[in-house]
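Participant: Spelled out, the chains give:
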Amino acid sequence: MLEFMDYVQAAFHAQSRWNRDNSYASLTTTAHHLLDFPIPHGLRLHVSSLSSPNFATSYTLGSQGVVDGSLSFLYTSLGLSIPSRSSAVHLGNLVQGYRHLTALRQPEVSRLNEVLRDGEKAERKDALLYGRLYLPTSTLEALYLRRISPARLLRLACVSDGTLPNGGSILAVLQNDFGKYSTEYLYSTDSALFGVRGLYNFGHDPRFPNPRSASRAPAHPWDHQGGRLSAGAEAYFSPLNKSGGISTGLRFTTLPTHTGFPYTMTLTLNPLMGNLSSTYAVKAGPNLAFCSRFDFNVYSYESDVMIGMELWQRQQPAADVAWATALLRPDWKRVEANANGVLKARVDNHGKVGLLWECRVKELLLSIGAGFDLKKTERMLGSVGMEVSYSS
Amino acid sequence: MAFNFNWSPLIADTDRVRDMLTSSLNKSPKPPIIVDDIIVNELNLGSTPPELEILEVGDLAEDKFRGIFKMSYTGDAYLTLKTRVQANPLNTYLSTKPSFASPQPLAASSGLTIPLQITLSDIRLSGFVILVFSKQKGITLVFRNDPLESLKVSSTFDSIPFVRDYLQKTIESQLRVLFMEDLPAIIHRLSLRMFSPEYQTAEAQEPSKDQTDERAPIDPFANPAQQPTDSFGQPLEGSAPFSLDAPTETYASFSQKNLLRLAALTESQRTLSLFTPSMRDTVYRAWASAADRNELSNGISTPLHRPTLSRIQSTHGSQSACSSSAPSQASETPSATTRPSLASFASAPTVYSLGSGAPRSRAGRKRKNRVVNLRKGKVEGDVSDVASVSSGYPESADRSATGSTAPSLEAEPPTFPGTAMREGEISTPPRSPRKKVGFQQPSDNNARLSAESGAARRPVTPRNNALAFPPEDDNDQTPRASMYLPDNRDHTPQAEPRPSRQRLTRMQTLPTRDKPPELPRSASDLSLQSLGAASFGTDGSTGGILEQAWMMKMANEIARKVAEEKGRRPPTWRGGEDDGEAPPAYVS
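Residue numbers (full-length UniProt numbering), protein chains in the order written: chain V, 1 to 392; chain A, 1 to 588.
The hints are simulated quantities; they were obtained by calculation from the structure and are not laboratory data. Predicted model only: the values in this text are computed from it and were never measured. Hints are supplied without guarantee of correctness; some may be wrong.
Said to hold, decoys possible - For lysine to aspartate or glutamate, the following EDC-like pairs were computed, each having C-alpha atoms within a straight-line distance of at most 16 Å:
no.	chain 1	residue 1	chain 2	residue 2
1	A	LYS27	A	GLU181
2	A	LYS152	A	GLU172
3	A	LYS97	V	ASP161
4	A	LYS27	A	ASP37
5	A	LYS97	V	GLU141
6	A	LYS82	A	ASP36
Claimed, not checked - Derived CB-CB ranges, DEER-like:
no.	chain 1	residue 1	chain 2	residue 2	range
7	A	ASP15	V	PHE261	54 to 62 Å
8	V	GLY162	A	THR48	43 to 51 Å
9	A	ASP15	V	TYR200	55 to 63 Å
10	A	ASP76	V	ASP373	38 to 46 Å
11	V	VAL298	A	SER99	24 to 32 Å
12	V	ASP68	A	LYS152	42 to 50 Å
13	A	LYS152	V	THR163	34 to 42 Å
14	A	PHE128	V	ASP68	44 to 52 Å
15	A	ILE160	V	ALA284	43 to 51 Å
For each residue, glycine too, the CB sits at the ideal point set by N, CA and C.
Please model the complete structure; the sequences and the hints are all you need to start from.
Facilitator: This is the structure we're talking about:
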């Protein structure tokens with residue numbers, strides 16, 4: 001489950017029309033959500049509030065051996081109009097599951113209406129400031145997001161901690177999204193790490209919208225109508241460490257226009273380390289999604305398999321309107337019932353099982369998780385945790 | 001002086017060392033590049049022992065040793081480590097950073113773990129080693145400087161010069177830490193396991209027993225004879241770690257377990273329970289009456305313990321011969337432990353109180369009070385023997401101390417506080433060893449034992465006699481008399497009928513041990529008196545005015561001395577008392 005501040009940041013991205021999926025970093029988002037979901041550990045309480053459209057606060061109290069907590073504040077220049085009450089928040093926005101990719105948009109066009117302000121052509125440069133102080137470790141996190149231009153996002157993330165070398169580190173990321181392709185440039189002050197990421201989408205180019213694109217014949221085998229094929233790569237280099245790393249990736253995912261069940265396939269390769277990872281996720285139904293991942297290293301012959309699933313529990317339509325919904329024609333667009341809870345599970349070949357149940361209980365959002373290790377017969381239950389969050 | 005340094009048995013028992021190394025290597029947080037446990041795959045100490053040059057021997061006794069060596073090693077030992085390392089630098093780099101400001105690469109940080117085997121060989125060491133050994137506390141080995149001179153590191157990545165150099169550098173620095181910090185701890189733990197049974201797990205004990213049984217003699221006394229280099233204390237260095245068993249046997253009786261067992265044993269005889277805890281190398285004797293038991297508890301020497309006691313005393317003697325200060329420390333621990341073991345638990349505190357109380361309570365006024373109390377105690381003692389004994393014990397001890405002080409003053413006023421006190425308290429043990437010897441020789445018919453005991457004692461006794469007898473004869477005797485017969489004596493002068501009864505019983509026990517009881521009552525007294533010139537009567541007649549005056553004087557002096565002593569060495573009152581114990585044994 002997303003923390004409230006992440007929820008607000010996601011809302012900022014959505015409202016400023018920044019497509020976070022069009023990035024190499026989010027190539028495997030679906031598999032990540034279905035397989036690598038974090039399991040809460042210990043008891044944790046979140047109390048948050050979006051007191052005004054521009055300002056949000058959140059307090060966290062945890063008991064993990066010692067009592068710890070954090071205070072966080074967020075300011076955004078872009079007024080956010082999202083439901084903030086925990087009873088009203090759409091659970092589908094909080095719990096990240098199978099990710100449906102939407103058709104690419106042309107960045108400039110999508111920003112046109114926002115550019116006009118006060119009758120003049122003034123470019124909006126939305127910004128977001130976020131700070132979080134962890135106690136008692138006195139770790140400070142700060143984030144600065146700024147839409148420099150409709151196609152450009154600057155992200156500065158800083159961590160200040162006495163235990164870190166140099167007392168902290170700063171990461172600067174500049175993202176460019178041109179629809180057809182996107183690039184990212186990174187720099188981390190920690191050991192002066194440089195990074196470049198790029199993603200290219202085959203097929204339809206949103207910058208040159210072709211009204212007949214939906215009906216035209218595919219120009220080449222990758223130009224899929226119901227789906228999108230993307231390829232990307234990343235490279236890092238640290239002149240101080242004289243070390244680096246590269247990886248390439250490929251993704252095919254179905255678009256909403258796809259008639260069958262949606263699915264996503266990815267393949268990532270780290271040629272330096274010989275690591276090969278392939279994932280396959282399928283949304284078998286409106287409430288069910290499966291995902292599998294297979295890792296293989298061609299040098300060490302190590303392999304891992306992980307399988308995960310998610311199951312959504314939705315509110316049943318009220319009995320008094322059941323007759324009406326039954327009369328709806330199948331091709332009519334129905335309002336999707338609000339989700340009540342989500343069950344996520346994963347298991348890997350090392351016998352590690354993770355379970356997570358996230359639901360809404362009255363005014364509270366509850367997240368209960370447990371980790372098991374089936375190979376350890378005497379201590380199978382690894383970690384158990386519960387998170388309770390309330391927001392207003 | 002000769003050392004017998006056995007290198008070969010060390011080589012044999014590398015399994016445990018390997019386990020300990022493994023655990024110590026994995027104890028500290030590992031660098032993120034190491035993703036698996038470090039396993040010590042192979043450990044060979046080689047056939048070449050290190051060269052040791054003795055620079056200084058600070059303390060030498062049979063059960064303790066302290067010395068400084070100069071060590072140089074150019075042997076063929078080697079060590080093979082196995083672990084798995086993360087070959088992706090990005091992975092290790094990112095694993096230590098907070099995720100909030102990390103670039104979070106998609107797949108560039110995917111891991112590649114490579115099994116790594118490192119062989120350390122051609123180890124060249126030279127340095128100064130401080131070695132402290134004591135049976136109770138094991139071996140403490142400290143390097144005074146960084147002993148690592150050079151080392152050859154060969155690994156899976158030898159073909160890559162960068163990695164090879166890096167490994168060489170890192171491992172050398174790690175090894176330096178290991179030598180300076182971890183190795184002493186490992187050796188200490190190992191030695192603890194080997195020497196003190198408390199630290200031995202059941203499994204650990206098994207192999208050692210097997211090894212020991214082959215050559216370990218049934219009688220602990222026999223051991224010294226087996227170790228050729230045994231003179232006194234020296235054998236510990238070389239032979240102790242490897243042929244521990246014999247020493248372990250003797251000193252096993254001092255461990256907590258054995259104390260408990262002994263306590264159970266004594267308790268078992270007080271009840272109707274038929275259960276008798278089994279102990280190795282012990283002879284059981286049934287006691288006729290409670291008085292005997294009490295006597296025992298007071299007298300410190302049980303038949304079971306004889307071997308150990310005699311052993312201690314012999315070591316004591318040797319130590320005293322070597323250095324005057326040594327014996328006190330050496331005897332401290334064993335004697336402290338033996339006492340409680342002998343005495344029932346109820347009486348144990350009284351014993352301690354005696355030791356502690358005696359020196360402190362010497363202040364003149366208090367003394368008087370004590371005397372009074374003592375008499376009261378006697379009166380009370382009529383009701384129940386046991387109770388009277390226990391209650392009267394500390395008082396009697398004080399009294400004995402006072403009694404001894406008087407004579408000692410005459411002999412040597414200045415030395416009095418230390419020696420007189422000690423001897424007075426100590427006096428009990430001396431007898432026990434003797435008796436032991438007498439007993440065991442006939443009963444066991446063990447030629448070895450007798451020879452050993454004789455050998456152990458032979459050197460000691462003459463020296464002790466020479467040292468202790470001439471000036472301190474009087475002192476010794478008086479305290480002894482007081483100690484042994486505290487109750488008897490106290491009772492005798494005041495309450496004739498009861499004391500006599502008690503005496504009779506006690507007399508029986510005492511004489512049986514010492515000599516055939518011809519004069520039941522006088523046997524102990526007489527023997528004491530015959531030894532020393534100090535008159536038993538003086539002790540008994542503490543109530544006299546002259547005596548009181550003397551005592552007052554003495555008490556003041558003692559109080560002063562005690563205060564001084566306290567200032568000098570705060571915690572060692574027990575030690576002082578213990579010190580006293582050993583010498584009298586020889587004297588008597």
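Participant: Taking the hints in turn, state whether each one holds.
Facilitator: Okay, the hints, checked on the actual structure:
1. LYS27(A) with GLU181(A): OK: LYS27(A) and GLU181(A) at ~13 Å, within 16 Å.
2. LYS152(A) with GLU172(A): holds, 9 Å
3. LYS97(A) with ASP161(V): holds, 11 Å
4. LYS27(A) with ASP37(A): holds, 10 Å
5. LYS97(A) with GLU141(V): Cα-Cα ~13 Å, so holds.
6. LYS82(A) with ASP36(A): Roughly 9 Å between the alpha carbons, so the hint for LYS82(A) and ASP36(A) holds.
7. ASP15(A) with PHE261(V): 54 to 62 Å: holds, 60 Å
8. GLY162(V) with THR48(A): 43 to 51 Å: holds, 49 Å
9. ASP15(A) with TYR200(V): 55 to 63 Å: holds, 59 Å
10. ASP76(A) with ASP373(V): 38 to 46 Å: holds, 44 Å
11. VAL298(V) with SER99(A): 24 to 32 Å: The hinted range 24 to 32 Å holds for VAL298(V) and SER99(A), with Cβ atoms some 28 Å apart.
12. ASP68(V) with LYS152(A): 42 to 50 Å: At 48 Å between Cβs, range holds.
13. LYS152(A) with THR163(V): 34 to 42 Å: With Cβ atoms ~36 Å apart, the hint holds.
14. PHE128(A) with ASP68(V): 44 to 52 Å: Taking Cβ atoms as reference, PHE128(A) and ASP68(V) lie about 48 Å apart, which means the hint holds.
15. ILE160(A) with ALA284(V): 43 to 51 Å: Distance hint for ILE160(A), ALA284(V) holds at roughly 49 Å.
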